[in-house]
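J.: Sequence lines, in order, name chains A and B. Per the working numbering, the first sequence starts with residue 1487, numbered consecutively. Per the working numbering, the second sequence starts with residue 1487, numbered consecutively.
Worth flagging that the hints you see were computed from the coordinates, not collected in a lab. Here the structure is a predicted model, which is why all the values come from computation and not from measurement. Check before you lean on any hint, since a few could be wrong.
If you want the footprint, here are the derived chain A segments under chain B, 3+ residues with CB under 8 Å [what the hints assert, rightly or not]:
no., stretch
1, 1645 to 1658
2, 1668 to 1675
3, 1680 to 1694
4, 1725 to 1737
5, 1740 to 1746
6, 1775 to 1782
7, 1825 to 1839
Note that CB positions come from ideal geometry on N, CA and C, so glycine has one too.
Protein chains: 2
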Amino acid sequence: MKDNSLKPIPSWIQGGENSGFPLNNLPFGIAAFNSGLIAAVTRIGDQVVNLHKLAALDVFSGLHAKLLHVFSQPVLNDFIELGPQVHHDLRVRLQQVFGLDNTDKQQIDVIKSSALTSFNAVRMLMPVKVTDYTDFYSSIEHATNVGKMFRDPENALLPNWRHLPVGYHGRASSIVVSGTSIHRPMGQTKPVNSDAPVFGLTKMLDFELEMAFVVGKNTALGEHVPIGKARDYIFGLMLFNDLSARDIQSWEYVPLGPFLAKNFGSVVAPWIVTLEALYPFRVDGPAQEPEVLPYLKSVEPRNFDVQLEVSIRPEKGNENIVCRSNYKYMYWSMDQQLAHHTINGCNITVGDLYASGTISGRDAGSYGSMLELTWRGANPLKLDDGSERKFLNDNDTVIMRGRCQKDGIEISFGECETKILAAK
Amino acid sequence: MKDNSLKPIPSWIQGGENSGFPLNNLPFGIAAFNSGLIAAVTRIGDQVVNLHKLAALDVFSGLHAKLLHVFSQPVLNDFIELGPQVHHDLRVRLQQVFGLDNTDKQQIDVIKSSALTSFNAVRMLMPVKVTDYTDFYSSIEHATNVGKMFRDPENALLPNWRHLPVGYHGRASSIVVSGTSIHRPMGQTKPVNSDAPVFGLTKMLDFELEMAFVVGKNTALGEHVPIGKARDYIFGLMLFNDLSARDIQSWEYVPLGPFLAKNFGSVVAPWIVTLEALYPFRVDGPAQEPEVLPYLKSVEPRNFDVQLEVSIRPEKGNENIVCRSNYKYMYWSMDQQLAHHTINGCNITVGDLYASGTISGRDAGSYGSMLELTWRGANPLKLDDGSERKFLNDNDTVIMRGRCQKDGIEISFGECETKILAAK
Chain A
1487 MKDNSLKPIP SWIQGGENSG FPLNNLPFGI AAFNSGLIAA VTRIGDQVVN
1537 LHKLAALDVF SGLHAKLLHV FSQPVLNDFI ELGPQVHHDL RVRLQQVFGL
1587 DNTDKQQIDV IKSSALTSFN AVRMLMPVKV TDYTDFYSSI EHATNVGKMF
1637 RDPENALLPN WRHLPVGYHG RASSIVVSGT SIHRPMGQTK PVNSDAPVFG
1687 LTKMLDFELE MAFVVGKNTA LGEHVPIGKA RDYIFGLMLF NDLSARDIQS
1737 WEYVPLGPFL AKNFGSVVAP WIVTLEALYP FRVDGPAQEP EVLPYLKSVE
1787 PRNFDVQLEV SIRPEKGNEN IVCRSNYKYM YWSMDQQLAH HTINGCNITV
1837 GDLYASGTIS GRDAGSYGSM LELTWRGANP LKLDDGSERK FLNDNDTVIM
1887 RGRCQKDGIE ISFGECETKI LAAK
Chain B
1487 MKDNSLKPIP SWIQGGENSG FPLNNLPFGI AAFNSGLIAA VTRIGDQVVN
1537 LHKLAALDVF SGLHAKLLHV FSQPVLNDFI ELGPQVHHDL RVRLQQVFGL
1587 DNTDKQQIDV IKSSALTSFN AVRMLMPVKV TDYTDFYSSI EHATNVGKMF
1637 RDPENALLPN WRHLPVGYHG RASSIVVSGT SIHRPMGQTK PVNSDAPVFG
1687 LTKMLDFELE MAFVVGKNTA LGEHVPIGKA RDYIFGLMLF NDLSARDIQS
1737 WEYVPLGPFL AKNFGSVVAP WIVTLEALYP FRVDGPAQEP EVLPYLKSVE
1787 PRNFDVQLEV SIRPEKGNEN IVCRSNYKYM YWSMDQQLAH HTINGCNITV
1837 GDLYASGTIS GRDAGSYGSM LELTWRGANP LKLDDGSERK FLNDNDTVIM
1887 RGRCQKDGIE ISFGECETKI LAAK
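Excised from the complex, chain A in its bound form:
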């Protein structure tokens, strides 16, 4: 069902090839239309395709009886639960119907007049109801940078780091879709020269560039997902901004981990790019030394080549790209993360979100957080309006983008954008 073929599939919808949304992509999302209706959608070029409408037009006849129903739901969970065979069949059908080879002029006319809307004319909503959310810490460059800054520069990585994909549970309720603004959080921090903590606004508000995968298949409590089967449990991937308040974090996080420093808001892009669309972009991961335990041994290629970038746009200013990274840098891969997460029998659920942790590369321009880019504020970033940033200011907008490129084909992850507002 999944192969490495990279054959461009031209569509009668123009512009897909250059937009990152050709028929090779076909990501899924939820859109609110001007009419007030909400439906599951995909995207081709700059057109949003109303999947519920297509189902009503009988375009998906013979695929699955529940498609009409699941495409009318306010989240994709029920659609995802239909399973990989349905997703694959639907993908093939969409590629046929929207392909240049489709000679059914009447079908094309009906679709054009009733199922297509300009992307700019819809509001994209949260695509999944997040059931449980876990954040990993799987970039060796990020973990090393943080270890150097906060612990011991000579022993930056903790002893467990190379043996297991360190992760922790996060907050599902406060994960919001791109376009949602987040107020600067308040909390306790402990200034260096103070005996006691103080209460106030965070002064070290940060982004974290991450990718998150969405689980597509339930397990029962006590069940383990073997690493060789892990990808069968993954529906797709999204851009993820794990906003972090560094001063709150450094005071609260011992011994039980980050808490209020993270749960005031995390942001996802509106599109879930399916694992099937991403298969041609698989690449080998970094060598793992020492050798990992057998339950974590993955078959290469275990990583995915996704070019990532982060911009900051000040109020009324221009976008400034502050980071260029790549998902392929990850030391621990998705299949390793999922095999580890379930090795003790922890059950997973359709709609679970598993984020990668900050994706940093080797050179300073690829660091996936302000903490690393400015080295805890020591080297502020200069923006094109002459202003400087140690961390995020109020009214800054953070924009993350991701894309796969190969053999003239481009797959976009859309944008994950959020504006920082002053505290309420």
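Given the coordinates of chain A, assemble chain B onto it according to the supplied hints.
T.: Below, chain B without anything else, positioned relative to chain A:
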């Protein structure tokens, strides 16, 4: 709506006074009947009261149009969301209908013949769909004991502990109802004399005696629950067993907190005892020194006097009570936990579960975990069959019980029971 009055309310159902389930209690749960039907229930004496049936009999006329519907749901979330006024009105109505003063003989006969079932004849199910789950660490005795064992006996409490209720996000999917057995988990551990971690069964499987509260009211992202209003957001309380694999925990938990050591299964009692039923049992909490920040300042009495005990029953053996503790020992209270959790704008949802952390008292018999009771295995517990326990064995059953007692009135929390099975 809530007062401290402790007037016994006798019922025409016998035995409520001595069972912990008088009309002063009226906890909520979900039962599966032999017929296959599932419904919301309360309990009086040893009788389970089918609330859906009562609604169908028009016993709740005038209270809320949705009661018939919500009582037919497989979880209580929709009922809880109806709000405290509905819960209070329902409580008053149940006390009238089941009270000795009810002279409507015909109503009583219909209820007896169609809405009552012996507790032993039903299977209790998970009462809520847990939306998000947070575990606190709010017993100063527990945190001190752990700090002495794992860190520095002279500085057992970390610097932040007395300034904020330390907590972390946990796994919602693996919280199961009393009566569910849990398989011994596998995972990575690092033996003291080994250079590398090993893979295998946990050798240090533990219980943690906790109470968990269920949120009864949603907030929006960015909203803060002020401490003076926190109790308006709490529906009720349950017994909670936070099973823990200590050897997995000590290897994995730096720097991001417990993960696979906890998420293989946590167990709740089937009954949610409402905060309204518990109001007469409020007591002052321990003095907090140093003074807490203003957003954490609670009005006394901030704690609840709930007598707790934990038993271990070996396969074919007797119950051995290994711990007697009390919820009133908690340093940080529920209102402080909720005010802290939302101070950064983190949104809360009906069905959220917030666990207290292990509830230990000052003397060794009151420690709420095997880790503390046996001091990490140094002082094994002796059971009445002559066997010893450093931690839990396969086929051990752990039973937690809780009750409030005052002026001849007893409020039971039921039982939270789980059996440890050998690994799959």
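J.: Closer than 8 Å, Cβ to Cβ, for at least three residues: run that test on the stretch 1725 to 1737 of chain A against chain B and report holds or violated.
T.: holds (count 3)
J.: When I compare C-beta atoms, does the stretch 1740 to 1746 of chain A have three or more residues closer than 8 Å to chain B?
T.: Our answer is that it holds, as 7 residues pass the Cβ test (under 8 Å) against chain B, meeting three.
J.: Report holds or violated for chain B covering the stretch 1668 to 1675 of chain A, Cβ cut-off 8 Å, minimum 3 residues.
T.: Satisfied; 6 residues make the cut.
J.: Tell me whether the statement that chain B covers the stretch 1825 to 1839 of chain A is true, taking a Cβ distance below 8 Å and needing three residues at minimum.
T.: holds (count 10)
J.: Test coverage of the stretch 1775 to 1782 of chain A by chain B using CB-CB distances below 8 Å; three residues minimum.
T.: holds (count 4)
J.: Do at least three Cβ atoms from the stretch 1645 to 1658 of chain A come closer than 8 Å to Cβ atoms of chain B?
T.: Result for this restraint: holds, n = 11.
J.: Tell me if chain B covers the stretch 1680 to 1694 of chain A under the three-residue, 8 Å CB rule, please?
T.: holds (count 3)
Of the numbered hints given earlier, the model fails none.
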